[in-house]
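Trainee: Sequence:
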Amino acid sequence: MKDKYIELRVNRDFGDILTTYFDFLKQNIKKFTNVFISYNGVFLIGLLITSYLLVSGFVGLIAAEGGFYGNSIPQNNDDTYWIYIISGGILFFVILILVAGLNFSLSSSYLVQYERSKGLNFDKKEVWNLTKSKFGNTLVFILLLFPIYGVFFVIVLITAFIPLIGLFAQYILQFSLAAWVGVSFFSMLEQNKGVTDAFGEGWKLVSKNFWKSIGVNFILGLLNGLLFFIVLIIPGIILGVYTFHVVENNVDVGSSVVSTIVYTLGLCLLLILSIYGQCLSQIVNGILFYTLHEKTYNLNIRSKIEQIGQSNQ
Numbered sequence: 041m042k043d044k045y046i047e048l049r050v051n052r053d054f055g056d057i058l059t060t061y062f063d064f065l066k067q068n069i070k071k072f073t074n075v076f077i078s079y080n081g082v083f084l085i086g087l088l089i090t091s092y093l094l095v096s097g098f099v100g101l102i103a104a105e106g107g108f109y110g111n112s113i114p115q116n117n118d119d120t121y122w123i124y125i126i127s128g129g130i131l132f133f134v135i136l137i138l139v140a141g142l143n144f145s146l147s148s149s150y151l152v153q154y155e156r157s158k159g160l161n162f163d164k165k166e167v168w169n170l171t172k173s174k175f176g177n178t179l180v181f182i183l184l185l186f187p188i189y190g191v192f193f194v195i196v197l198i199t200a201f202i203p204l205i206g207l208f209a210q211y212i213l214q215f216s217l218a219a220w221v222g223v224s225f226f227s228m229l230e231q232n233k234g235v236t237d238a239f240g241e242g243w244k245l246v247s248k249n250f251w252k253s254i255g256v257n258f259i260l261g262l263l264n265g266l267l268f269f270i271v272l273i274i275p276g277i278i279l280g281v282y283t284f285h286v287v288e289n290n291v292d293v294g295s296s297v298v299s300t301i302v303y304t305l306g307l308c309l310l311l312i313l314s315i316y317g318q319c320l321s322q323i324v325n326g327i328l329f330y331t332l333h334e335k336t337y338n339l340n341i342r343s344k345i346e347q348i349g350q351s352n353q
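In terms of our numbering, the sequence shown has 98 at position 58, counting the first letter as 1, and numbering is strictly consecutive.
It is possible that some hints are incorrect.
The calculated lysine-lysine pairs, modelled on DSSO-like cross-linking and capped at a C-alpha distance of 30 Å, are [stated by the list, open to error]:
1) Lys71 to Lys164
2) Lys158 to Lys172
3) Lys71 to Lys233
4) Lys174 to Lys252
5) Lys71 to Lys158
6) Lys158 to Lys174
7) Lys252 to Lys233
8) Lys344 to Lys44
9) Lys248 to Lys71
10) Lys335 to Lys44
11) Lys44 to Lys158
12) Lys44 to Lys165
13) Lys158 to Lys248
14) Lys165 to Lys71
15) Lys248 to Lys164
16) Lys344 to Lys252
17) Lys244 to Lys174
18) Lys165 to Lys248
19) Lys335 to Lys233
20) Lys66 to Lys252
21) Lys158 to Lys244
22) Lys66 to Lys165
23) Lys252 to Lys165
Keep in mind that the hints were calculated from the coordinates and are not lab data.
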C-alpha cells in the first residue's frame, strides 16, 4: 500500500537508508510539495521579483556591450542596470537567509509530524505550528552557522594547498558538515532541545557514525542532483533553443519583453528548485537522525520489547 507507514526509528544500514528515503519520497512527495508551496508563497513571489531584477540588469549590460547581437546600444543606462543587479542581489541574499531557515524547519517539522502520526494522518497546519514554535531557536541556529561556516572555509583554504589529499579532505569536510548541521537541526525540533544542546547531540551522533553520515549525504546529494538535472532538462532545452534564436536573429534582448519574461521565469524556476532540493537534503538528514539515534539509544527496540512483555503478562 502506498500510504503504509514507513517506520523511521530503525537502525538501518547504508543501503536501507537510501531505500527508505526514496520510499518516503514516493509516498510523501505530493503532500510535502503542497506544504512547501503553501508556506513559501510570499518568498516565491520574492524570488520572481529577484529574478526579474537580476535578469533585467545582466541582460541590459550584455545588450549594452553588444554581447547578444554585434552592435552595442548606447550605454546611458549602465547605472540603471547596476542598480537592478545590486537590488536583486541584496533581495536574493535576504530571501535566501529567510528561506533557508523556513524550509530547514518545514522539512524537519514535516518528518517529525509524519513520525508522530505514524503516517500521513496529519494536517499541514500541524507542520506550520511546529515550525512557528521554533522560530526563535531557528534564528539562533542560523546565526551560529555563520562562524561555523567561516571556520570551514578557512580550513578549506588551508587544505587547498595540499595536492590531491587536500581535495579529498575538502569533500569529507563538506559532507560531514552537512550531516552535522542537518542532524543537529533535526535534533533541535524533534527532541525540543536548545540550540547548543542540539549541536552537541548532532556532533555525538555523526562523529560515532562518521563514514555512514558522509556516505549518505554524498550519495543522496548526488542522486538528488541527478533528479534536479532531469527536472531541468525540458526548461533547459527551451531556454537553449530560445537563446540560439536570439543570437541567430540578432534579437534586441535589452528591449524585448519576451526575452525578459523567458529568462526571468527560467531563473526563478532554477532558484525555486534549488530551495526545494535543500528541503529534500534535510529530509535525508532527518531519516539519518532517526537511524543514528536508534542505533545509539535503542528506544524503539526497547519500547517494542516492553510491549511484548506487557502483552505476555
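Trainee: In ascending order, which of the hints set out earlier in this document are inconsistent with the structure?
Mentor: 9, 15, 18, 23
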